[in-house]
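> Residues per chain are reported as follows:
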Amino acid sequence: MFVSYKWLQEYVDLTGITAKELADRITKSGIEVESVEVLNKGAKGVVVGHVLEREQHPNADKLSKCLVDIGEGEPVQIICGAPNVAKGQKVAVAKVGAVLPGNFKIKRAKLRGEESNGMICSLQELGIESKLVPKEYADGIFVFPSDAPVGADALELLNLDDEVLELGLTPNRADCLSMIGVAYEVAAILGRNVKLPAIELHENEENVHDYISVRVEAAEDNPLYAGRIVKNVKIGPSPLWMQTRLMAAGIRPHNNVVDITNYILLEYGQPLHAFDYDRLGSKEIVVRRAKAGETIVTLDDVERTLTEDHLVITNGTEPVALAGVMGGANSEVRNDTTTVFIESAYFNGATVRKASKDHGLRSEASMRFEKGIDPARTKEALDRAAALMAEYAGGEVVGGVVEVNTLKQEEVKVTITLDRINRVLGTNITKEEVSTILTNLQFAFTEDHGTFTITVPSRRRDISIEEDIIEEVARLYGYDRLPATLPVAESKPGKLTPYQAKRRQVRRYLEDVGLFQAITYSLTSEAKATMFALETAKPIRLALPMSEERSVLRQSLIPHLLEVVSYNRARQVENVAVYETGAVYLANDENELPQEKERLAGALTGVWHANLWQGEKKAVDFYVVKGILDGLFALLGLEKRIAYKQAKRDGMHPGRTADILLDGKTIGFVGQLHPTVQKEYDLKETYVFELALTDLLNTEVEEIRYSPIPRFPSITRDIALVVDEHVIAGDIQQAIIEAGGELLKEVMIFDVYKGDRLPDGKKSIAFSLRYYDPERTLTDEEVTAVHEQVIKAVEQQFGATLRG
Amino acid sequence: MKERLHQLQQEALEKIEQASDLKALNDVRIAYLGKKGPITEVLRGMGSLSPEERPIMGALANEVRQAIQTALEAKQAKLEQEEVEKKLAAETIDVTLPGRPIRRGNPHPLTRVIEEIEDLFIGMGYTIAEGPEVEKDYYNFEALNLPKGHPARDMQDSFYITEEILLRTHTSPVQARTMEKHQGRGPVKIICPGKVYRRDNDDATHSHQFTQIEGLVVDENIRMSDLKGTLREFARKMFGEDRDIRFRPSFFPFTEPSVEVDVSCFNCGGHGCNVCKGTGWIEILGAGMVHPNVLEMAGFDSKKYTGFAFGMGPERIAMLKYGIDDIRHFYQNDIRFLQQFNRV
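So the protein sequences, as listed, match chains A and B.
Taking our numbering, the leading residue of the first sequence gets 1, the next gets one more, and so forth.
Taking our numbering, the leading residue of the second sequence gets 1, the next gets one more, and so forth.
A portion of the hints provided could be inaccurate.
Claimed, not checked - Computed cross-link-like contacts, DSSO-like style, restricted to lysine-lysine with a CA-CA straight-line distance of at most 30 Å:
no., chain 1, residue 1, chain 2, residue 2
1, A, 408, B, 304
2, A, 105, A, 131
3, A, 408, A, 640
4, A, 597, A, 626
5, A, 28, B, 237
6, A, 28, B, 321
7, A, 495, B, 181
8, B, 181, A, 492
9, A, 431, B, 148
10, A, 492, B, 148
11, B, 148, A, 495
12, A, 195, A, 495
13, A, 684, A, 792
Calculated from the structure, these hints are not laboratory results.
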């Protein structure tokens, strides 16, 4: 809402308060003033000039040579390029020495050999936006009414000495979508009175019912419909002051009748519509829901197909307006209109909203209906419009009002105690202070022993409960006067849940071993949604996605991590190690929420470790990633319950991928990307993992219990076993552990060999076994006995032979 | 004989002096103190001496031995020391060569901000509540006093999946769910961090996915002044002890009264600069007293209980705190961006 500072003064006395100060006061008490704009944008030195002569420029087709009286002695010669300049016009002249917006200084000049002492201005040149300039002046200079005094300050006449406050209104403050509403707010802030416009309405002897009747067939959508007839109007421009106010508010002037309806919309917040009575095609107005498929051509010359959701104003047979949104072209007020039917109605916000949304038509009118207007002003606004049409369009107001009113307006009363106000706010506001605030708001109220009973005026539809009154009191009392305290309550310690605490530890661990935390989007493309997923479900698709790329909820974090790797590689960051924790979304039944499971995923590529001058350089490989995960499982106390199993998965290297099992159940996987996927993302050798974090963190683990520090020496024996190359180390290790029994405390693989010194198809794996008894020193014989068993077991199970 | 001994001593001490390494010194020891050495030989000749002279000569011989021995030891220590020094000198390294790099990642800047805020409120007795990102219209809107058709729904264009299910547009539904779980009994004291989604085109200041942290306290006798005190405490811990806050009236459907909260500019201290656009204040929070409809819908008696709620955007806080100019950085995950947040 744009509020003209000058216009506002008609309703509330602003003496002693500048526009800027007013803006600050309004902002502080609840409505944000987004800007205060000085309309002249620094322009000065522009006066009204009278074009005494106009002739063709001798050397330029498109220029005119004008002799202009600017009220300062001799008329001056000005060269003008506007096509519409003509003898006899009153125009805006920027004198020599004048400044136009953008700090454009006017100097004496010669144009194609002819002297020019100033500039005849268009409204655009004076700083008015093109879209607001009346159509007839859109491509040329502005012409003042003929009674404009020569030499007068043109900027003042155009009200460009005004300042405009732009209010950023929250949806609850629809009351301030009108000048009168703003006046009430300002009056409450300043503690001053509101002056409402005086309406001087002179009706003729005729009866409006002889002209028109109204029937409302959709009372829910339209609880109040009122109209008046104004005859003998003469369409022409509206008065300059009205045009300038409309432009200041962001509305382009058209003609007197249309301008008056818009002026009332701004003044009262009541949208009006003016129909050309003679073009209505009948003597009745019927308000009803549209029939499916019915059409109307609106004022913007677009044919619109309607549905039963839309409310229309009809002439009994066909629609003449889309209620509350836009009028129909068929009944539009034109230059030859003589009789006007003015509609002032209260339409249901939701109905208007639907129509405005369906047709992509958001107008000043529809916006006000959507947010809710004050029905108490509907008829007053109608009367004021009729009076103005009589005054400024030469019309004659036909006696009476046609009206259908099924509105049930209940008075809103709120009762609240002073004690409650202070208890909720934590203040010590007095009874008197509350009374003053309510008085300034012009709320009717009674007070009895600290209990206030307030009758809320209909303009403040946002107020209906105690808390609303508390807010009114608080904002006008001033939030800066609110004390700062802390809740007085039994204080309980705050703490992360075990899950949250573990998740943080997992993150810290991964970061400390070298991975960066990434956060990527949850929405992805359909193709990527299920790729790499540990579990898949029917993709969850947005009803109205903004793009295919962000249309479906992800079921794995890996695809977007690969995008991260790819993004970095494209920017010469070759070594990338990232992880992410986040939800994946698995659909349940149609109307149920999906399951959200937290996943932990990572992607690593390039050099893992390098210290080049010492000759160290290690690329990321499977075992680097596996080592990171082993550390993670150890951190979570799960290392003994985890197993890796060779696996085949879509998108993964068939020989370099392992499923990860926790207590025998798959909870994730790790491996190298399939080369074709690597190519797709433009990656080099890249390793990824994804784990079911929710399951991992929810797995119960025993608390740490101390075990005694070894007091006796342990004995270590190494063995190198030659086995078939398909035998896997994990199986041998498992067999060793089983055969080693109680005394075997640790088995470590320290060498794997395949090559010339062994027969084809064979490999050797060397294990280091550590034996220990916490109770005593082991003897060589005891260890040898167990060690023999171990060797026997691996010989039997894997055909292993000891390597000599 | 006496002369011979003195002469030997003289000779030995000279040779010891001349010995340049441990081997040479050892040769001297063997030459003079060995079983076949000259002193032993001299002593063997003692048989020819008179019984009176023998003890005198013996004592002298021992003295000479002792003197040589002492000199040998001293020299040995000196040579050993030199040897060590030589060896160490040979071991000198170039300490300016780079150390073996320790690879280290770090949390995402948003996590950094979120965890800092979490910890701050945990310190004030809050717990962290989490909830689903795909949410029912009921919890996202209706339970927060935003019935269907409410004009304020315009404020947030949402990603719907079905008519009743959408991606949550704020973390407020977690508040509604948590209150519901409390079955009308306070106190509730939570903060809710999480991802939220809105139908925005991604640009420098908008992101269709972003994060939010909301706080909620519901109890008997919670006052709006408590909200002010709590948020001032938060602002001071987060942005510096000399920060102040101010409330500006605002509107949110789920709180009444509602306020926007500004923090005095941590860049200029409130004098006005480009960070605060010259106002001295930076808007960082929305807050208010929980709307009675919200309390009632979640099963709380709004006559008995009051509460406050607040919400803020970690992206905005991170952008202000670290001077980040484009919200897309958070979701592009450029390593060169992420690794800037790798220290205290």
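> Just pull the numbers of the violated hints for me, sorted ascending.
Violated: hints 1, 3, 9, 10, 11, 12, 13.
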